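> Dock chain V with the ligands against the given chain A, drawing on the hints supplied.
Each chain, letter by letter, is given below.
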Amino acid sequence: MKLTLKIWRQKNASDKGGFVTYPVDHVSKDMSFLEMLDVLNEQLTEKGEDPVHFDHDCREGICGMCSLYINGKPHGPLQTTTCQLHMRSFNDGETITIEPWRAKAFPVVKDLVVNRSAFDRIIQAGGYVSVNTGGVPDANEIPIPKTVADLAMDAAQCIGCGACVAACKNASAMLFTSAKISQLALLPQGQVERKTRAEKMVAQMDAEGFGACTNTGACEAECPKGISITNIARMNREYFSAVVSSENV
Amino acid sequence: MSWVTKTLKSTLGRKLIMALTGLFLILFLTGHVSGNLLLFKGDGGEAFNIYAKFMTTNPAVKILSYLTYISVIGHIIYSILLTQQNKSARPVGYAESKASTNSTWSSRNMGVLGTIILIFLVVHLQGFWAKMHWGEVPMVTYGEEEYKNLFLIVSEAFKQEWLVALYVVSMGFLGFHLSHGFASAFQTLGLNHKKYSPAIKAIGQAYCIVVPVLFASMPLYIYFTS
Ligand code: SF4
Ligand code: FES
Chain A
1 MKLTLKIWRQ KNASDKGGFV TYPVDHVSKD MSFLEMLDVL NEQLTEKGED PVHFDHDCRE
61 GICGMCSLYI NGKPHGPLQT TTCQLHMRSF NDGETITIEP WRAKAFPVVK DLVVNRSAFD
121 RIIQAGGYVS VNTGGVPDAN EIPIPKTVAD LAMDAAQCIG CGACVAACKN ASAMLFTSAK
181 ISQLALLPQG QVERKTRAEK MVAQMDAEGF GACTNTGACE AECPKGISIT NIARMNREYF
241 SAVVSSENV
Chain V
250 MSWVTKTLKS TLGRKLIMAL TGLFLILFLT GHVSGNLLLF KGDGGEAFNI YAKFMTTNPA
310 VKILSYLTYI SVIGHIIYSI LLTQQNKSAR PVGYAESKAS TNSTWSSRNM GVLGTIILIF
370 LVVHLQGFWA KMHWGEVPMV TYGEEEYKNL FLIVSEAFKQ EWLVALYVVS MGFLGFHLSH
430 GFASAFQTLG LNHKKYSPAI KAIGQAYCIV VPVLFASMPL YIYFTS
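Residue numbers (our numbering), protein chains in the order written: chain A, 1 to 249; chain V, 250 to 475.
Hints listed in this document are in silico derivations from the structure and should not be mistaken for laboratory results.
All of these numbers come straight from a predicted model, not from anything done at the bench.
Errors might be hidden in some of the hints.
Stated by the list, open to error - Listed next, the in silico DSS-like pairs over lysine-lysine satisfying Cα-Cα at most 25 angstroms (straight line):
1) V:347 with A:6
2) A:104 with V:347
3) V:290 with V:397
So here's chain A without its partners, still in its complex pose (with noise of 0.2 angstroms):
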């Protein structure tokens, strides 16, 4: 395959941007699409030049790094992390347009590299349990209904990529955090800390300046774990309830 790639330049944060086109040739149907972005930066390279800066780790799917808003849509074509997306998507003599995540909160490092620390520091807020620790507990001694599991479960499955805000025309976080606000609320052990932890989870997502949800469920269309938009109603019923009974004045 033959391909145009538009892509999105930026030397630091501070710099101005711009698009560079860059073609290249013999890219195979296989290659999965950062397999052809390494083949670029292996020209780059080769020339001297300075190789695109993307950010990537596990390339299966599972750490969520691999964030790049592709033809007009966070991952590209299909609903999978940009990893797990394979050049067959593409057609030969196609120009791809890749630019970083949009959101104030998620400020372009390098090209196409962006901080996503404003996720970490959601989590840091509230998103975990505070546990004694002991010995290992036997297992089902808490008992937890399969379908609540399956739900909680569910929600778990969030790898923190940011495609949910990089598709929503709000830059809204809310699935990220409900997803967060969800898997703990859900399960026995996150009781202790349920109230505090949505309050103070919805609080931190305001201060990074997020967007606020107007529904289109753009998220929900685009997350690469199928995550539901029906943690975005969890999570308000807990902020609520926790806003409104909590002890945090």
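Relative to the frame of chain A, chain V with the ligands by itself:
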């Protein structure tokens, strides 16, 4: 900051206000459209004029009307606050966006639709509501009692093609606004449930067609029958 102001300043608190005021306005629209169906009665406006007097003098309706004004104003103010916040959340936009593949047009353009409805509302209130409250309205007597002949005002107004057209087109925009707003309000309130959400969505889709069509048919009916 007290917990109340803190909550109302949060994104979720602001959304809650949008949802509650929006739902109240949906209730208002339901009442408004039902009452105005009297325009179709073909009795020279008697039933409509009697109903209009009741609506402007009954104390319970007064309270409802104040709630409606508050809802309209609250809905507008909070939509501006949220829109500003949402705009600033993405200072640099995308060069290419395929948003139509992941969301409906109405859901992405609620602000635009709302602004058009607001412009319509100004024209609408000026033409009827302000006239009814403070303008010169000819009187009509049914039995012993005197009534403002609002039916006459309405029938005169809808002899003008441009006004009829404006009303019909505006109701189209209202329909699109409701097509997202109805179900969206429930989602914001946290009311998303396997059992009820399909029904809420279905009612919302029916509502966003039936109510604007009924509203739009009123000026059309008057235009073609007078
Ligand atoms: S909710 Fe989905 S899109 Fe958002 S961060 Fe988690 S996995 Fe990514
Ligand atoms: S690189 Fe880990 S999910 Fe794509």
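> Confirm or reject each hint.
Status of each hint after checking the structure:
{"no.": "1", "hint": "V:347 with A:6", "verdict": "holds, 16 angstroms"}
{"no.": "2", "hint": "A:104 with V:347", "verdict": "holds, 20 angstroms"}
{"no.": "3", "hint": "V:290 with V:397", "verdict": "holds, 18 angstroms"}
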